[in-house]
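Asker: Sequences and hints are given; from them, build the entire structure.
Here's the letter readout for the chains.
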Amino acid sequence: GAGVSQSPSNKVTEKGKDVELRCDPISGHTALYWYRQSLGQGLEFLIYFQGNSAPDKSGLPSDRFSAERTGGSVSTLTIQRTQQEDSAVYLCASSSPGAGETQYFGPGTRLLVL
Amino acid sequence: GNSVTQMEGPVTLSEEAFLTINCTYTATGYPSLFWYVQYPGEGLQLLLKATKADDKGSNKGFEATYRKETTSFHLEKGSVQVSDSAVYFCARGQFGNEKLTFGTGTRLTIIP
Chain A
12 GAGVSQSPSN
22 KVTEKGKDVE
32 LRCDPISGHT
42 ALYWYRQSLG
52 QGLEFLIYFQ
62 GNSAPDKSGL
72 PSDRFSAERT
82 GGSVSTLTIQ
92 RTQQEDSAVY
102 LCASSSPGAG
112 ETQYFGPGTR
122 LLVL
Chain B
168 GNSVTQMEGP
178 VTLSEEAFLT
188 INCTYTATGY
198 PSLFWYVQYP
208 GEGLQLLLKA
218 TKADDKGSNK
228 GFEATYRKET
238 TSFHLEKGSV
248 QVSDSAVYFC
258 ARGQFGNEKL
268 TFGTGTRLTI
278 IP
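In the order they appear, the protein sequences are chains A and B. Each number in my numbering corresponds to the 1-based position in the first sequence with 11 added. Each number in my numbering corresponds to the 1-based position in the second sequence with 167 added.
For the record, the hints were derived by calculation from the structure and aren't laboratory data. In this text the structure is predicted, and so the values were computed from the model without any measurement. One or more hints might be untrue.
[Stated by the list, open to error] Example chain A residues on the side facing chain B (calculated, C-beta under 7 Å, incomplete): (1) L50; (2) G53; (3) F56; (4) Y59; (5) G111; (6) T113; (7) F116; (8) P118.
[Unchecked claim] Chain B stretches covered by chain A per the calculated footprint, using a threshold of three residues with CB under 8 Å from any CB of chain A: (9) 210-224; (10) 266-279.
[What the hints assert, rightly or not] With a cut-off of at most 25 Å between alpha-carbon atoms, the simulated SDA-like pairs for lysine to any residue come out as follows: (11) A:K22 to B:Q205; (12) A:K26 to A:A65; (13) A:K68 to B:R274.
The beta-carbon is built from N, C-alpha and C at its ideal position, and this holds for glycine as well.
Answerer: Dropping the structure here:
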């Protein structure tokens with residue numbers, strides 16, 4: 012595809028349920044990022060994958076959050092036992108490796124935890 | 168730590184007015200600097216960037232200059248249009264993995 016795609020575009024879930032969010036990066040981009048955009052916290056970094064290196068998980072807010080990247084391409088962000096404060100737009104971005112490279116963002120997944 | 172301080176919004180201007188949105192960053196190393204824009208109902212997209220001191224990024228009539236001495240990357244446009252109404256985010260990269268640290272965003276509304 013031409014850009015970063017994410018699915019689902021919207022997700023409504025009940026508190027305590029697990030959710031999986033998917034990101035398809037731009038073909039050939041080895042760097043992949045997850046961010047979260049919420050009213051109270053603005054845009055914040057969650058996790059970063061670069062090639063086969065160990066991911067930078069320093070932005071994950073709790074151990075309920077995890078992410079995988081299979082085959083260096085598609086990534087899945089999983090939130091276990093969702094809480095209402097997890098409600099936000101989850102954004103995925105990809106880029107070529109290197110300083111100053113532009114990150115291209117997907118449309119996001121809007122998560123609402125009831 | 169790394170941080171970005173961005174002019175608080177919202178900002179409302181008349182069409183053809185001059186725009187400045189201030190942005191400063193913490194001076195940890197020599198980060199790449201970016202302005203991203205989010206138009207209503209759309210995703211984040213890069214507006215412009217600069218990767219070293221004194222570089223000027225420009226796009227769609229917007230400009231920003233990487234000022235190392237003042238640790239700033241202010242966004243300017245000489246004559247705004249209604250179509251520029253959006254939320255603007257200043258961001259810095261982090262050498263080594265380039266995860267972005269964003270400012271709080273500035274909502275800009277241009278009235279005809």
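Asker: Each hint needs a verdict: does it hold in this structure or not?
Answerer: Structure-based check of all given hints:
1. L50: L50 (chain A) check fails; min Cβ-Cβ to chain B is 11 Å, beyond 7 Å.
2. G53: holds (5 Å)
3. F56: Holds - the Cβ of F56 (chain A) comes within 7 Å of chain B, reaching about 5 Å at its closest.
4. Y59: Where the cut-off is 7 Å and the nearest Cβ of chain B is about 5 Å from Y59 (chain A), the hint holds.
5. G111: At 4 Å from the nearest chain B Cβ, G111 (chain A) passes the 7 Å test, so the hint holds.
6. T113: holds (5 Å)
7. F116: holds (4 Å)
8. P118: With Cβ-Cβ at 5 Å, under 7 Å, it holds.
9. 210-224: Answer holds; 6 residues pass the 8 Å Cβ test.
10. 266-279: holds (count 7)
11. A:K22 to B:Q205: holds (21 Å)
12. A:K26 to A:A65: Judged against 25 Å, a Cα distance of about 31 Å means the pair is violated.
13. A:K68 to B:R274: violated (30 Å)
The structure fails to meet hints 1, 12, 13 from the earlier list, while all remaining hints are met.
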